[in-house]
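Student: What follows is each chain in one-letter form.
There are 4 protein chains.
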Amino acid sequence: MTKNRLEAFSDGVIAIIITIMVLELQIPHSPDWSGLRPLIPKFLSYALSFLYLGIYWGNHHHLLHTVKRVNSAIIWSNTNLLFWLSLVPFVTGWMGENSFSRNTVILYAVDMLLCGASYYFLQKSIMSEHQFEGDLKDALEKSNRKGIISLVCYSAAIPLAFVNSMVSGIIFLVVSVMWLIPEKSIEKALSDR
Amino acid sequence: MTKNRLEAFSDGVIAIIITIMVLELQIPHSPDWSGLRPLIPKFLSYALSFLYLGIYWGNHHHLLHTVKRVNSAIIWSNTNLLFWLSLVPFVTGWMGENSFSRNTVILYAVDMLLCGASYYFLQKSIMSEHQFEGDLKDALEKSNRKGIISLVCYSAAIPLAFVNSMVSGIIFLVVSVMWLIPEKSIEKALSDR
Amino acid sequence: MTKNRLEAFSDGVIAIIITIMVLELQIPHSPDWSGLRPLIPKFLSYALSFLYLGIYWGNHHHLLHTVKRVNSAIIWSNTNLLFWLSLVPFVTGWMGENSFSRNTVILYAVDMLLCGASYYFLQKSIMSEHQFEGDLKDALEKSNRKGIISLVCYSAAIPLAFVNSMVSGIIFLVVSVMWLIPEKSIEKALSDR
Amino acid sequence: MTKNRLEAFSDGVIAIIITIMVLELQIPHSPDWSGLRPLIPKFLSYALSFLYLGIYWGNHHHLLHTVKRVNSAIIWSNTNLLFWLSLVPFVTGWMGENSFSRNTVILYAVDMLLCGASYYFLQKSIMSEHQFEGDLKDALEKSNRKGIISLVCYSAAIPLAFVNSMVSGIIFLVVSVMWLIPEKSIEKALSDR
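Residue numbers (numbering that gives the first Met the number 0), protein chains in the order written: chain V, 0 to 192; chain L, 0 to 192; chain G, 0 to 192; chain R, 0 to 192.
Certain hints may be false.
Note that the list lumps identical chains together, so a pair holds whenever it fits in one copy or between two copies.
In the SDA-like style, the derived pairs of lysine to any residue whose C-alpha atoms are separated by at most 25 Å in a straight line are [to be verified]: (1) LYS2 x SER29; (2) LYS67 x GLU132; (3) LYS41 x TRP75; (4) LYS2 x CYS152.
Quick caveat, the hints were computed from the structure, so don't treat them as lab data.
Given the sequences, and given the hints that come with them, work out the whole structure.
Tutor: Put into structure tokens, the structure is as follows:
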């Protein structure tokens with residue numbers, strides 16, 4: 000019951016975050032195609048963040064699936080994650096508005112770093128409340144390792160933005176592709192039980 | 000369980016998309032009736048998209064009703080559909096802002112085409128995970144045929160917008176009417192089981 | 000199942016409508032109290048619409064409680080109701096922006112009339128799908144009568160706005176008070192079964 | 000059932016309130032770091048309100064957990080609470096826009112006072128519908144006492160804003176910390192049953 004409401008609230012917040020980002024795509028007053036051109040970087044940053052939030056939703060979904068008991072540490076780790084996710088529309092908008100220029104890419108990487116770290120702590124607080132075993136434990140530890148790799152990538156994206164902000168953009172894409180099919184092992188471990 | 004959360008997330012996103020569109024109806028500063036006149040095309044495009052999103056919600060609802068197992072392909076086909084649906088407020092706003100002028104109608108048709116194709120792939124990925132039989136299979140195949148007819152109509156609406164953008168507008172309306180009572184056969188097939 | 004998702008979708012849409020209205024209360028750039036004064040009519044119109052939407056949510060909640068089978072007529076009556084409710088933020092904003100001036104009050108009354116009529120049709124479509132009996136039937140018929148009285152009041156508010164728009168405002172308040180404790184009889188009829 | 004929908008609706012509204020606040024963080028047009036500086040007070044007021052709303056969600060969650068029967072008094076106390084919570088984005092935005100200047104802090108304290116009082120009445124109306132006993136009764140009474148302490152703090156924050164608005168800001172933080180781990184006793188009382 001408690002867990003269902005935590006899922007429902009998180010789903011609600013993520014659904015709203017993913018959707019209000021589109022409000023940053025301001026509607027051009029002119030019907031010319033050229034009016035859409037300045038929107039291209041905004042659209043690309045929107046698509047990237049939509050992908051990230053979709054991945055977070057999918058992983059969050061699978062992670063909460065493993066939860067049997069909700070305690071205060073889990074609730075507050077989850078709220079902390081939602082806070083940093085809620086800033087995604089802002090950092091996405093700034094990055095799109097300024098065509099992926101250096102500072103904006105750095106701020107995006109910082110928010111991704113904070114989201115990633117928050118997810119890591121949420122997973123840790125779930126693991127310390129439950130005694131997972133066997134395949135499920137392996138799957139969660141594999142997901143933890145992936146999380147740490149992502150944090151390293153986001154950290155690398157910050158200095159690399161000084162070289163070329165496109166390099167950082169490519170890192171973001173690579174990380175997202177790494178996560179795109181993440182759930183298989185937890186999925187399998189859960190259905191094996 | 001997994002399926003319920005997929006439904007809940009999709010419902011949330013569609014509910015938000017359908018509702019934030021109204022924010023494009025900017026409130027006139029004057030209390031004169033004449034201040035509302037420029038809003039008429041915006042209102043019409045809003046009503047059209049509300050109808051479309053209502054239809055997508057209804058069909059999505061019936062489609063997910065047939066799902067027993069959720070896999071990664073289904074999750075990502077669904078996220079892909081939500082992405083193109085999330086652009087509906089933008090293309091609707093541009094079309095309304097510019098009184099259904101040619102370019103805006105074309106972009107609207109392109110987004111409808113992408114939404115329709117995404118829905119088609121979602122249905123395909125659900126059908127390949129499940130072995131539907133009998134009436135339910137017939138109903139889904141009938142829905143697939145309707146989907147393909149819609150894609151043909153949206154494709155036709157693009158060149159026809161060069162003739163007269165109102166022709167494209169009428170095509171959108173005709174497609175929506177075709178979908179308005181779509182669920183009977185799946186509904187019947189499900190209740191017969 | 001089907002009914003739960005109809006409830007969830009309606010709840011989502013009503014929750015969003017009730018909440019995005021607050022975005023019309025634009026934040027003054029100055030910290031002076033005088034900066035808040037122009038917001039008073041906006042706040043009053045916001046509070047009135049919040050009350051109305053809260054009542055609609057409560058009644059809708061009780062009405063759907065009586066539903067056992069969902070058919071297409073019910074789905075589309077419900078979507079139709081949500082459409083007119085989704086315009087509430089617009090008519091509320093226009094009325095607040097222009098301090099309840101005549102035209103804006105008339106448009107508000109027209110939207111209320113359309114919402115009320117849509118609710119009436121939703122109730123009718125639910126009643127024709129189910130064969131209610133005894134107390135529950137009485138309760139729904141009582142609610143129907145109240146709905147018709149409201150429609151008469153909204154209709155009266157339109158010409159009366161030409162006399163004095165405050166008279167119409169008072170009618171809106173009186174109707175809302177009439178609905179504030181509406182659920183007792185359906186509640187009782189349901190718990191008696 | 001009825002209770003589930005009350006939870007779902009409240010979750011939806013709180014999720015939207017907590018998320019649309021981020022729209023007040025307007026995206027700077029320049030990519031310079033200096034463009035972010037004016038956003039610092041806005042970000043701080045956003046973070047404070049996110050924390051408050053997270054606490055309200057957590058406590059509301061636990062409070063509704065104790066509910067067995069929903070009556071009209073509970074529905075309307077809950078709607079009343081949601082109304083004052085829905086004004087949080089406005090008072091947060093005004094306070095952030097004007098760097099926590101005196102008047103804006105007072106209005107924030109007034110809204111917090113109204114939210115706190117509404118929560119208190121919601122708890123009272125739940126307690127008068129149910130006959131709680133033993134640990135659960137103690138836990139709710141403890142929560143009531145905490146609620147009254149918060150109301151006293153918010154009331155004190157109003158005159159203290161005339162001395163220094165930062166003092167009021169610190170009071171808000173202290174109250175939030177007091178609530179951060181509030182659920183233990185209700186949690187324990189519920190799991191002991």
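Student: Please go over all the hints and tell whether each is borne out by the structure.
Tutor: Going down the list of hints, with the structure as the test:
1. LYS2 x SER29: neither (48 Å within a copy, 43 Å between copies)
2. LYS67 x GLU132: within (14 Å within a copy, 27 Å between copies)
3. LYS41 x TRP75: between (32 Å within a copy, 23 Å between copies)
4. LYS2 x CYS152: Neither way: LYS2 and CYS152 sit 32 Å apart in one copy and 32 Å across, limit 25 Å.
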